[in-house]
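Chemist: Chains G and S, in that order, are what the protein sequence lines are.
Once you know that position 391 of the first sequence is 391 in the numbering used here, the rest is easy, because the numbers rise by one and skip nothing.
Count along the second sequence starting at 1, add 1000, and that's the number in the numbering used here.
These aren't lab readings, by the way, just hints derived from the structure by calculation.
It is possible that some hints are incorrect.
Said to hold, decoys possible - What follows is a list of derived Cβ distance ranges for each label pair:
hint, chain 1, residue 1, chain 2, residue 2, range
1, G, E301, S, P1091, 46 to 56 Å
2, G, L305, S, S1037, 47 to 57 Å
3, G, D247, S, Q1018, 26 to 36 Å
4, G, G62, S, E1086, 31 to 41 Å
5, G, H404, S, K1015, 51 to 61 Å
6, S, L1114, G, S421, 46 to 56 Å
7, G, G62, S, R1111, 36 to 46 Å
8, S, L1012, G, L305, 54 to 64 Å
Said to hold, decoys possible - Cut-off 20 Å, straight-line C-alpha distance, at most; resulting in silico cross-link-like pairs (EDC-like, lysine to aspartate or glutamate):
hint, chain 1, residue 1, chain 2, residue 2
9, S, K1054, S, D1011
10, G, K169, G, E198
11, S, K1054, G, E172
12, S, K1015, G, D346
13, S, K1023, G, D346
14, S, K1089, G, E440
15, G, K128, G, D175
16, G, K128, G, E144
17, S, K1054, G, D346
18, G, K300, G, E368
19, S, K1089, G, E298
All values reported here derive from a predicted model rather than from experimental measurement.
Each residue gets a CB set at the ideal place from its N, CA and C atoms; glycine is no exception.
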Amino acid sequence: MITRIEVDGFKSLTGFKLSFVPGLNILVGPNGSGKTNIVSFFEFLGHLMEAEASEATSRVGGAGAVFRRVGSDYEKRIHARLIGCVQAMEEPHHPRKKNRDARIFYCLYDYSFSLVFPDTRDKVFFEKQRLCLKRVDRFMTASEVDRETEKWGADIESEIGPDGSPVAKLREYTDSGIELPYYLAPGVQKAHREQAIEKTLTQALASNISLAHVICRYSFELSPVVSDLSGGQIYNIVPSRVKLPEDSAKPPGIQRDGSGLAATLYALQRATYPEHFGPWSHLYWAPREELVSSSLNELKEYLQLVNTTIEDIDVFNDPFDNQLRVRFHIRSGEYTAVVPMALMSDGTLKWLAVVTAALTARSVFCIEEPENYLHPQMQGQIVNILREILFRQKADRFTLMTTHSETLLNHCRPEELIIVSMSDGKTIALRCNNMAEISEEIQRTGFGLGYYYTSNALQNE
Amino acid sequence: MSNPGFLVEGDLEQKFIQNICPKSPVRKINCNGDDVSIEAIARRVGTLGRLLQKRWRPLIVVFDREQRYASGTEIETQFREALDREDLKVPIIVGIPDRDTETWILADPERFALSAGIQISANIAGV
């Protein structure tokens, strides 16, 4: 998971630094403080890992929506640095270890880039990139990493050369630290390997492609790094979108607005490919048994928490209309009915979409204001369920959530909170620094965290 | 030297006092109205006060009398009795204006600053 971000020049994120902890990370703050910009950065990062820089910029609204506005102009550069640690696995044919558990290791990474929007305003490109990788035997937080003093297994840099093309340079490389993909220096003897890797990378790189993408995308062992960086799916569920009919051929995976629910439920019902959600999912490695537990039955149990009259749910593929039909089986006393998804309440569908997304999402899961449409009791439940899913999945993963709900906050813990504010047009995000005292007061008084937040009692000086 | 922390009733009081005393914490009690018991207010002042008392003293508590039958003095007595159970170890100054707090502060900001033992900021003096 990404454990720390440093961003300069993306919307209101300037001189912005924030560390994440596994589990829930909840952004609170007034309207306009930049909570959504933090979430948007992850979305942008996800696109940067999947598409070339101009296309990624276009997907999130264009350069005007990405580069920081100053007066009536834009800042020309976005600098970003991402530190993370992700579980990876050696290739199955690796000669050293045959046992699956023995092949598992952690990959520590530190990826930074400068993205430029030139005066010509005709493209967006990477001016400079650096990717540091290291094999470690346990999960490491950002505070344990110092890029300059760290002995990296591989430290690769690329910079735009005089002819406008990027030139790769291998600053450091040791076999024991990390194994770079074979295709970077196929059949080259060890003595000449570094030059060969630099040459291959220089040929493979383009100014609009992420270095992390080029190095990790096609490597079995390193693909979790790029999957980690590209996992920033944001959810802002709109029930009216969830209700729209879905084509039978639609691939599973909950989309930003909640669409894709029928296709995802259908895939889960067939118990086919929960690990295959998302555009890069064929490279995303995760222990299969953990994902198999994301079954439809589990979703039904969660659904019954919000609506006790729902006895069952099924999806069938209607060949006549070529559409997926989701049916809810309702029982209330003697009354029974089968109700199509379009007629279910907004709150029920929002709940179902959020929980389904949580069960099937990749490393970063961002959800904006999950409280909308939900009964206050269920606002608390959504926090508990997300926490339970994260805990059970064991993988180091975090969920980013924005909220304005005091009710929802009452179910949160002080250490999960990130207080966001705006100062001089810059977003500032800080952890609460009186967590222990707040926890003690919550235990003593029974007041929830929401009370302390609305009373302005959470210090973040 | 006085280093006061404030516990006030609503948004306007919070903004106003924060403007006068930008370095002091101003917390909202978030609990008032005609039918809220004084004990309930004291419990909230207690928990917020305990979070402040290590760094800030005195604590200045301001909440409206609203439409309560008791006089401001009687409410203060009742409030202090309830506050005795809250384990607060710093001096508490209680203000229960009969009229809107903002009117009270606007009427005499110098007196307000004097009673709080603070320097009034230049842009507020003579408001």
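Chemist: Evaluate each hint against the coordinates.
Modeler: Hints and how they fare:
1. E301(G) x P1091(S): 46 to 56 Å: Since the Cβ atoms of E301(G) and P1091(S) sit about 54 Å apart, the hinted range of 46 to 56 Å holds.
2. L305(G) x S1037(S): 47 to 57 Å: violated (35 Å)
3. D247(G) x Q1018(S): 26 to 36 Å: violated (55 Å)
4. G62(G) x E1086(S): 31 to 41 Å: violated (55 Å)
5. H404(G) x K1015(S): 51 to 61 Å: violated (19 Å)
6. L1114(S) x S421(G): 46 to 56 Å: violated (32 Å)
7. G62(G) x R1111(S): 36 to 46 Å: Hint violated: Cβ distance 56 Å, outside 36 to 46 Å.
8. L1012(S) x L305(G): 54 to 64 Å: This hint is violated: roughly 40 Å between Cβ atoms.
9. K1054(S) x D1011(S): Violated. K1054(S) to D1011(S) sits at ~24 Å, over the 20 Å cutoff.
10. K169(G) x E198(G): Within the cut-off at roughly 6 Å; holds.
11. K1054(S) x E172(G): violated (50 Å)
12. K1015(S) x D346(G): Cα-Cα ~38 Å, so violated.
13. K1023(S) x D346(G): The hint is violated at about 45 Å.
14. K1089(S) x E440(G): Distance ~17 Å between K1089(S) and E440(G) Cα, so the pair holds.
15. K128(G) x D175(G): violated (25 Å)
16. K128(G) x E144(G): Since the Cα atoms of K128(G) and E144(G) sit roughly 25 Å apart, the hinted pair is violated (cutoff 20 Å).
17. K1054(S) x D346(G): violated (47 Å)
18. K300(G) x E368(G): violated (23 Å)
19. K1089(S) x E298(G): Distance of about 51 Å is beyond 20 Å: violated.
Violated hints, listed in ascending order, are 2, 3, 4, 5, 6, 7, 8, 9, 11, 12, 13, 15, 16, 17, 18 and 19; each of the other numbered hints is respected by the structure.
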